[in-house]
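Throw the hints in and build the complete structure from the sequences for me.
First to last, the sequence lines map onto chains A and B.
The numbering of the first sequence is the working numbering, which starts it at 1 and goes up by one.
The numbering of the second sequence is the working numbering, which starts it at 1001 and goes up by one.
Simulated from the structure, these hints should not be mistaken for lab results.
Take the hints with a grain of salt, since some may be wrong.
Computed cross-link-like contacts, DSBU-like style, restricted to lysine-lysine with a CA-CA straight-line distance of at most 30 Å [stated by the list, open to error]: (1) K24(A) <-> K1099(B); (2) K7(A) <-> K1010(B); (3) K7(A) <-> K1099(B); (4) K1099(B) <-> K1069(B); (5) K1010(B) <-> K1099(B); (6) K7(A) <-> K1069(B); (7) K1010(B) <-> K2(A); (8) K24(A) <-> K1010(B); (9) K2(A) <-> K1069(B); (10) K24(A) <-> K7(A); (11) K1010(B) <-> K1069(B); (12) K24(A) <-> K1069(B); (13) K24(A) <-> K2(A); (14) K2(A) <-> K1099(B).
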Amino acid sequence: MKLDGKKVIALGERDGVPGPAIAKCVESAGAEVVFVETECFV
Amino acid sequence: MDPENQDRIKGLVDTHGADHLVVVLGAADLESLEVAAETVTVGDPAYVGPLAGVQLGLPVVHILEEDVKEQVDGGVYDEQVGLLEMTLDIEQVREAAQKFPGR
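Structure below.
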């Protein structure tokens, strides 16, 4: 899946990779982040 | 997945169209991954949120997948995910990602 030019929904998790970290990564790949969330799965 | 988040995602699909969107997950817990991936593709498996019975069919990838990592700037990836990459069970996550709906 090519991320460049895509709009990304970054759904992170507290015990995994958090949303903001995903956002920074995909932005460097040329994607636009439209939603960032870090879920807490219990 | 939180019903509020389901509602936000539904709104984003209405605004941008499913063709332009990609969901990038970061969860390490397999059950959590499965629920999130199902919710944005075939609908809320718990049948409680706004995406119950709604098949958005969004493409889903995981930030720890090799194909995704290759597209990210190496320095940024190391800074944001590097430490987690060493502590999380990456193989387990990558295996789960291969079974996301729509693959």
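Quiz item: Does K24(A) pair with K1099(B) here, judged by a C-alpha cut-off of 30 Å?
Solution: With Cα atoms ~26 Å apart, K24(A) and K1099(B) stay inside 30 Å; holds.
Quiz item: Is K1010(B) within 30 Å of K1069(B), Cα to Cα?
Solution: holds (27 Å)
Quiz item: Is it true that the CA of K24(A) sits at most 30 Å from the CA of K7(A)?
Solution: The given pair, whose Cα atoms are some 13 Å apart, holds under the 30 Å limit.
Quiz item: Given the hinted pair K1010(B) and K1099(B), is their alpha-carbon gap at most 30 Å?
Solution: holds (23 Å)
Quiz item: Is K24(A) close enough to K2(A), meaning Cα to Cα at most 30 Å?
Solution: Holds, because 16 Å separates the two Cα atoms, which is no more than 30 Å.
Quiz item: Regarding the pair K7(A) and K1010(B), is the alpha-carbon distance no greater than 30 Å?
Solution: Given pair K7(A), K1010(B) holds - Cα atoms ~14 Å apart, limit 30 Å.
Practice problem: Would you check the hint for K7(A) and K1069(B), treating anything up to 30 Å between C-alpha atoms as holding? | Solution: Satisfied, since the Cα-Cα distance of roughly 17 Å is no more than 30 Å.
Quiz item: Does the alpha-carbon distance linking K7(A) and K1099(B) stay inside the 30 Å limit?
Solution: Within the cut-off at roughly 23 Å; holds.
Exercise. Assess, step by step, whether the Cα of K1099(B) is no farther than 30 Å from the Cα of K1069(B), and give holds or violated.
Key: holds (18 Å)
Exercise. With a cut-off of 30 Å on the C-alpha distance, tell me whether K24(A) and K1010(B) pass.
Key: Holds: K24(A) and K1010(B) sit about 23 Å apart, inside 30 Å.
Quiz prompt | K24(A) paired with K1069(B) [C-alpha distance capped at 30 Å] | solution = holds (12 Å)
Self-check item: Hinted pair K1010(B) and K2(A), Cα distance within 30 Å
Solution: holds (22 Å)
Violated hints for the displayed structure: none, as all numbered hints are satisfied.
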